[in-house]
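Trainee: Letter by letter, the chains look like this.
There are 4 protein chains.
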Amino acid sequence: MPLPSVSTQTVAEHNSRQSCWIIVHSKVYDVTDFLDEHPGGSKIILKYAGADATDAYDPIHPPDAITTNLPIEKHIGAVDPQTVVKVAKQVTEEDRRRQAMLDARPPLDEIINLHDLEAVAKAVLPPKAWAYYSSGGDDEITIRENRASFQRVWFRPRVLRDVSRVDWSTTILGQKSSMPVYISATALGKLGHPDGELNLTRAAGKHGVIQMIPTLASCSFDEIIDAAQPGQPQFLQLYVNRDREITRRYVQHAQKRGVKALFITVDAPQLGRREKDMRMKAVDDNGTAKVQDGQSDVKKDQGVSRAISSFIDPSLSWKDIPWFRSITTMPIILKGVATPEDALMAYDAGVQGIVLSNHGGRQLDTSFSGLENLPPIIAALKTRGPWPNPNFSVFVDGGVRRASDVLKALALGATAVGVGRAFMYAFCAYGQEGVEKAFQLLNDEFEMNMRLIGARNLSEIVPEMVDASALHSRVGLSPPDNLYLNTYQPLSTAQLKNKL
Amino acid sequence: MPLPSVSTQTVAEHNSRQSCWIIVHSKVYDVTDFLDEHPGGSKIILKYAGADATDAYDPIHPPDAITTNLPIEKHIGAVDPQTVVKVAKQVTEEDRRRQAMLDARPPLDEIINLHDLEAVAKAVLPPKAWAYYSSGGDDEITIRENRASFQRVWFRPRVLRDVSRVDWSTTILGQKSSMPVYISATALGKLGHPDGELNLTRAAGKHGVIQMIPTLASCSFDEIIDAAQPGQPQFLQLYVNRDREITRRYVQHAQKRGVKALFITVDAPQLGRREKDMRMKAVDDNGTAKVQDGQSDVKKDQGVSRAISSFIDPSLSWKDIPWFRSITTMPIILKGVATPEDALMAYDAGVQGIVLSNHGGRQLDTSFSGLENLPPIIAALKTRGPWPNPNFSVFVDGGVRRASDVLKALALGATAVGVGRAFMYAFCAYGQEGVEKAFQLLNDEFEMNMRLIGARNLSEIVPEMVDASALHSRVGLSPPDNLYLNTYQPLSTAQLKNKL
Amino acid sequence: MPLPSVSTQTVAEHNSRQSCWIIVHSKVYDVTDFLDEHPGGSKIILKYAGADATDAYDPIHPPDAITTNLPIEKHIGAVDPQTVVKVAKQVTEEDRRRQAMLDARPPLDEIINLHDLEAVAKAVLPPKAWAYYSSGGDDEITIRENRASFQRVWFRPRVLRDVSRVDWSTTILGQKSSMPVYISATALGKLGHPDGELNLTRAAGKHGVIQMIPTLASCSFDEIIDAAQPGQPQFLQLYVNRDREITRRYVQHAQKRGVKALFITVDAPQLGRREKDMRMKAVDDNGTAKVQDGQSDVKKDQGVSRAISSFIDPSLSWKDIPWFRSITTMPIILKGVATPEDALMAYDAGVQGIVLSNHGGRQLDTSFSGLENLPPIIAALKTRGPWPNPNFSVFVDGGVRRASDVLKALALGATAVGVGRAFMYAFCAYGQEGVEKAFQLLNDEFEMNMRLIGARNLSEIVPEMVDASALHSRVGLSPPDNLYLNTYQPLSTAQLKNKL
Amino acid sequence: MPLPSVSTQTVAEHNSRQSCWIIVHSKVYDVTDFLDEHPGGSKIILKYAGADATDAYDPIHPPDAITTNLPIEKHIGAVDPQTVVKVAKQVTEEDRRRQAMLDARPPLDEIINLHDLEAVAKAVLPPKAWAYYSSGGDDEITIRENRASFQRVWFRPRVLRDVSRVDWSTTILGQKSSMPVYISATALGKLGHPDGELNLTRAAGKHGVIQMIPTLASCSFDEIIDAAQPGQPQFLQLYVNRDREITRRYVQHAQKRGVKALFITVDAPQLGRREKDMRMKAVDDNGTAKVQDGQSDVKKDQGVSRAISSFIDPSLSWKDIPWFRSITTMPIILKGVATPEDALMAYDAGVQGIVLSNHGGRQLDTSFSGLENLPPIIAALKTRGPWPNPNFSVFVDGGVRRASDVLKALALGATAVGVGRAFMYAFCAYGQEGVEKAFQLLNDEFEMNMRLIGARNLSEIVPEMVDASALHSRVGLSPPDNLYLNTYQPLSTAQLKNKL
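Line order of the protein sequences matches chains A, B, C and D.
The numbering of the first sequence is our numbering, which starts it at 1 and goes up by one.
The numbering of the second sequence is our numbering, which starts it at 1 and goes up by one.
The numbering of the third sequence is our numbering, which starts it at 1 and goes up by one.
The numbering of the fourth sequence is our numbering, which starts it at 1 and goes up by one.
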């Protein structure tokens, strides 16, 4: 049945909190009742009340988000194309800045490590996208710790082994992988590149790397599955919905589409306070014209909080695990475990593995890095039998920028390592080619590091190859003595004559 | 009996150290004999000798300070209003700067953590007020340590607990509190806002938080009590007066007015050297015109020291505790305990609790933070019986800026946590609304953190939820190698082309 | 037989990947087939296809490199001098900068430590040479650690010993040395000075210091041998060639020419990723005109990797040691050992010593400094017999800038210490005189330090003279609290009046 | 016998290395043979060859240095005043800068800690004097460690003690002292103030503080003794001369003049390399006109070294102690002991005490601070009997800037503490008044700290009052991750609107 045709003038009349219609992809929706349920708050929707919201909608929602979430009776109709006034898109100062930055990107040849890709992404991303991607929880201590912890593990390299051939391919949850690294889930990929997560899918297929599909992707789940090559393994990251039926359908659909493992996020009963992101939003909201309702600020914040609770279920608990095992035969991995106690509970609950993760430093601040949690958790799991254990995998993510980071985690007992932001920044900077470059850089680094530590394959990466004695020795400094520093004059080297 | 009327001309004749009259709130006082006893030194009074001192007096004295401290025979009379020449108040450069800063404050919506409130307060406060509030003792090592120590405690979060409902309300010394936090005493609130401590009282009443009333408040004790809502619990912080009779009257009046607990400050037999504050005063004093007496600088300093001794009693000792117990039935808490030895002495002396505090870093420098002292003190108290102990409370204050800080202290055994400066900066920045915002931010953080660490109520905040192994591992660095740093060239990431 | 004469016009016709001739020192070579084997990649050769490459060739190859590596049939002939057009050498901006810097060098009298020589070298070197010399592997953590580790060892000086005469001469592998320091091998000396490694040979001869000749010297091996004085001892550093016959000839030639010891590099089966150097090359390559072939970037990188594999043998292993012992009677030292395990294997394999080295921080990053590896390795060797052991030497290199560094290593059990970059920077800055100055500075420092720690000769440098308890206590910091630092205002000292 | 009269013209003829006369205080001296013996090198004398050297001579020599060191036959005569051409002293740019700085000094009232005095001294001192005073050995690690080590000791304050009266007077080597601090010896006081060390003598007499007279004072020994008040105790610091007879006469003269103790410096068999000072001299020397001899730079350096050896005796050893005991009955203290081994040797040798000192960080670099050496040395001395020991004193110096530093050392077992530079900077900044201010500041700090830690007199300063567990926990950091820091964007607080 064809949708009724609606003129833009009619839409424009519904521009208030009392009656709020919006246009998305030439369809008209009545979102009045949804305003308070919107995870992003009502203000942002009201900004487009009575108007076309497509440009704002696209980067942060999968194409089917609105049709899935809005009851069919709120689908008002199709916009009458005759009534649409083509407005030349205003080129803003920020658009110009961004284009200049894109033009100034160094050629891929000059990219020599993953940090470079991040530096380019930082330059070319819209400030809000950078804030959203790069932010961590609270004081961002954990997000920085994630990176820093790798540098508290040192190598104990062995020499005079014949390393003419080195091989770092492996098997992850039964799937072949060209390296002991998988692409971890990150949300809202279209904020940084029009193709969003598909950049990862395509590059992964080409290079034999496994992608974990995020629940909160900008692309729809099926788009991402469809972009994969035949036989290309993919995993799924899952936020559990308060409505378990939605979750059941989603998981079973994934299994039917060939997804190979289910990573259930357990460290996000509530989203963390990511203050860089919050600040960007707060400033922006206050900068816009007053919206036409009397909603106080306090209410708005509560609204966001409530909206999120309606989606991610804070009541998720160990009691739910048997149910998951009943609805799927995919291996189940709990993503976000941080203590030996919970690692043993996971093992005893019969799941197939855990990810030692702090959600990229975006949730609880001053929680340890996955790497720092690794040694005590492996020690705990050894009380259940020999390690490595073919029936239970331990993954680590957070802060990885070098192949040497990965090898350190493997030496300490990890099965494989997840990398999220680094690959995402790669496509923000250069699209699919950027991700491929990232893979190539990691491969170059794996080859070199394997040779330099004297390991010919991953089974030769043993605990004796690292010194992790400082991993838990992170300390705080005594505050500096500013008065002393005021008068102490640092030594300097000899000066060239023309500087005197 | 009506006060005699005095002309401003007559007052103006008493403008010397030999005879010094001042006007405060249209009353005339002869302060000649009081000059050497004034805690703030004689210079500042002599600046207003023969003139109206009200504007300088108000922010740093309760309204009744002069009438309480000056014998009745020195109350000369009332100013003859006919003789008062209205002088248009000179708008200074600093007044203008301050007003511009006030106008430039970000809207409260943009305030997303307690640090923000401090940043705004720093901008809008008069420099002297900022120096007074923010300064710590000597090299300010302890004041910074207070904050830093919280970040040496890390969380061990538990997952997959049903955290749909979390509750962080508690009971402090028998009084209900909406959070495990009380407002700790800070002095001279009117330096930062005309309503001074009343901002705290009103916000606390609205949000179910307990306020500790400071002995050195700018508002009078009764004003603060009167501003409370019916049933709103308040505590009292006490500096013990050399004249115990004054103290007895003060304590018994407080109990009569309904104060619920008495916090006796024991870490300030003499005020610390707060050098930021001293520097501000020193520069200012030297900048003013020469006063008309021959007092040398050395004498002035001794004068301040003596004056303070005349108010706060350096002889206060354990022998005084029974007397306190004899004059009041309020719970008695010793504020400023720093060692297990003294904690046990307090316990054995029969008081109801202690505050592990270093006076906000304003007294003895290079003393530990309350948080660092917490584990050994709880361990010592456990030798007297099980912990927590319903008859003995241990509070911690100093450096708290996050709900996560509070939860860390609770996990380590604290009953509740005091927050002083952060709430004070909140009203300096935005008045009562600022304090309410601070409460709301803490509540948001409590909700999130409780969920993310997997605790549904405060009884589930257990020692196993934190790793405090680095708390006492604060180290000093070897001094840096400046010659090496002179030649070492740091790595940088890829450069954008237009930067080359 | 005289070489055929070739005109520059004829050479110019062979300017493509399909046929590539170049001129070096007035001789014409066909390098078409060698392009893919060139360790520096084909691009740099193709830049000079059909033209004179002498200026680019000289600093980075020994004079005989091309004749040694290119089959005789590719030696086309001699350039017809009649056809050579003298081109006035273009003076570039960089040439001018460099000359100005050379003119501005401080007189040698103002050089008071080895850091000064490095600072001058940094100023006068061409940027590419500085990048090549100064770069370390990956994040350059190890290269900085090398220096930093010495400053985690502290002296325990003894007093009231008669130190009127102090003597720090010693014997290294049976050879007299005026100090317990030898010149370690560094490559491509002509990048920094036209006389390259000969500066070291001449200064070493004059001051009784032993030079280790690098395989990758800019000067030819025989030039360096010839520049030595009669009886001047020299060592040889060896990269083992995939073609063992080349290695055998090279080693036996060295023994015949009087070389006293053979240092086999074992920590470089593949060259490390030195990103400062890579970045300089990447930017430079992209800045040049497009070369005329279709070679992709990926291929180029693989080409470099392959080319290097064809020279240094990644299959070198413990099994090769007996063969080395069969081809030479020189003492054999393994350079680049990092673990007690490998130290014992070297001892048991019957070699004469090891160098605890990480290749100047240019290979595996986050490997420990030689100094940090020293105590556990000496402890392991003591399980084989008393230490020091006259038949087995342990050397340390990396990061040495002070005589006190050397004495610390000796106290911890080292036989002597290698210094590479510091002497190289000395000649980059001032030629042979710079190296002599470096020796003199070290001698001045040795004299002073021996006296101040109370040791009259090296046998009195005992373990009790140092405190190395912090050597392995290198820690990572908790990330800083930027929000706190945003508002904390550091103390300052009194201000002069005119600054107010 | 009147000295012969010599015209300035005649003097001017002796202006070469072959014959070098100079004028000092209107007397003419032939210093030709002394040139090579001059501790400061010959160059500086040759600069004044044939001319008046008084202005350069005065600040760095006691008045009697030249007459004492030069044989009587080299005392040529008195300048004929008729021939002296009065030259208006050239006012240099530096003179003007210095005068402006002196005029800009803050009034003493604004000086609130010892750092302030140093900051003012740094501003008003001639750059060479600042370089000489402030410099430390080599990389200046030890000089900074001296200060830093105090901040690794923390207080454990006790509360509720009656501290109405606190007393920090004490007895040092049998002499009354108003505080547990003595003035340690520092050299060349006239570089910073025309009255040199007399500023210290006069202030010390007024405030009951004991001064240690330096061998290398700018004022003569007798001047300093004469400036003391009757009964004012003074100590003597001794550099032992190669010619023991000179030392014997000097020591016995000191005893006769009433000196109360002899501190023999044992940590300076050779002067350290103080590179700030050396750099200043090197640049200056090269900046002056070429001197007229052919002396090479190398020779010059050796000359300085030799000259110094001719004065301070590097052969001084334990064997000399009995001789010292035979020539004086003053208590003998060895200044510069750094190990328990040497502390016990000193004890067993029968001297009366030791100073744990590293010569203000000016000798052996990377030696520990005196404070860090204190606990193991006290522990060692306890093996000889109970501590404190009335017959053996242990002093500490280096880096003291606060009374709290002193109390920490006392708690750890020190008898008293030496302060050198801080008092010297005090008179450089403000003459005698500056030193008195320094005493007053220390007294203020002693009073406050004694009260705040709960000690009524020095016998109540016990080991339990400090936590020194971190004193030996000084660590080095892992080098920072510059690539990460390149992209990580620090959090910031809310911005004021006009800053957006």
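Just so you know, these hints were derived from the structure itself, not from any lab.
Take these hints with a grain of salt, some might be off.
Where chains are identical, the list cannot tell them apart; a pair therefore holds if satisfied intra-copy or between any two copies.
Each computed SDA-like pair below joins lysine to any residue, with the alpha-carbon atoms no more than 20 Å apart [as the list claims (entries may be wrong)]:
| hint | residue 1 | residue 2 |
| --- | --- | --- |
| 1 | Lys319 | Gln82 |
| 2 | Lys276 | Arg105 |
| 3 | Lys47 | Ser326 |
| 4 | Lys319 | Arg165 |
| 5 | Lys382 | Ala53 |
| 6 | Lys206 | Ser16 |
| 7 | Lys256 | Ser220 |
| 8 | Lys190 | Met465 |
| 9 | Lys176 | Arg384 |
| 10 | Lys89 | Val259 |
| 11 | Lys74 | Pro126 |
| 12 | Lys89 | Ala131 |
| 13 | Lys319 | Glu245 |
| 14 | Lys206 | Arg97 |
| 15 | Lys43 | Ser220 |
| 16 | Lys276 | Gly208 |
Trainee: Now look at each hint and say whether the structure bears it out.
Mentor: These are the hints, each one checked on the structure:
With identical chains, the CA atoms of Lys319 and Gln82 are never at most 20 Å apart, being 56 Å at best within one copy and 83 Å at best between copies. In the homo-oligomer, the alpha carbons of Lys276 and Arg105 lie at most 20 Å apart only across protomers (19 Å), although the nearest pairing inside one protomer, at 25 Å, exceeds that limit. Taking the shortest Cα distances, Lys47 and Ser326 never come within 20 Å of each other, neither inside one copy (44 Å) nor across copies (66 Å). Taking CA atoms no more than 20 Å apart as the test, Lys319 paired with Arg165 passes between copies only; the shortest distance there is 17 Å, against 48 Å inside one copy.
For the identical chains of this complex, Lys382 and Ala53 are neighbours neither inside a copy (54 Å) nor across copies (62 Å), given an alpha-carbon limit of 20 Å. In this homomeric assembly, Lys206 and Ser16 never come within 20 Å of each other (Cα to Cα): the closest approach is 49 Å inside a single copy and 33 Å across copies. For a Cα distance limit of 20 Å, the shortest separation of Lys256 from Ser220 inside one copy, 16 Å, qualifies, whereas the shortest one across copies, 68 Å, does not. In this assembly of identical chains, the alpha carbons of Lys190 and Met465 never lie at most 20 Å apart, being 41 Å within a copy and 38 Å across copies at closest.
For a Cα distance limit of 20 Å, the shortest separation of Lys176 from Arg384 qualifies neither inside one copy, at 27 Å, nor across copies, at 46 Å. In the homo-oligomer, the alpha carbons of Lys89 and Val259 never lie at most 20 Å apart, since the shortest distance is 40 Å inside one protomer and 65 Å across protomers. Proximity of Lys74 to Pro126 under the C-alpha cut-off of 20 Å is found in neither arrangement, the shortest distances being 32 Å within a copy and 56 Å between copies. With identical chains, the CA atoms of Lys89 and Ala131 are never at most 20 Å apart, being 24 Å at best within one copy and 47 Å at best between copies.
Taking the closest pair of Cα atoms, Lys319 and Glu245 come within 20 Å of each other only inside a single copy of the chain (16 Å); across copies the shortest separation is 64 Å, beyond that limit. Taking CA atoms no more than 20 Å apart as the test, Lys206 paired with Arg97 passes in neither setting, with 33 Å inside one copy and 48 Å between copies. Neither within a single protomer nor between protomers do Lys43 and Ser220 lie at most 20 Å apart by alpha-carbon distance, with minima of 25 Å and 44 Å respectively. Taking CA atoms no more than 20 Å apart as the test, Lys276 paired with Gly208 passes in neither setting, with 35 Å inside one copy and 30 Å between copies.
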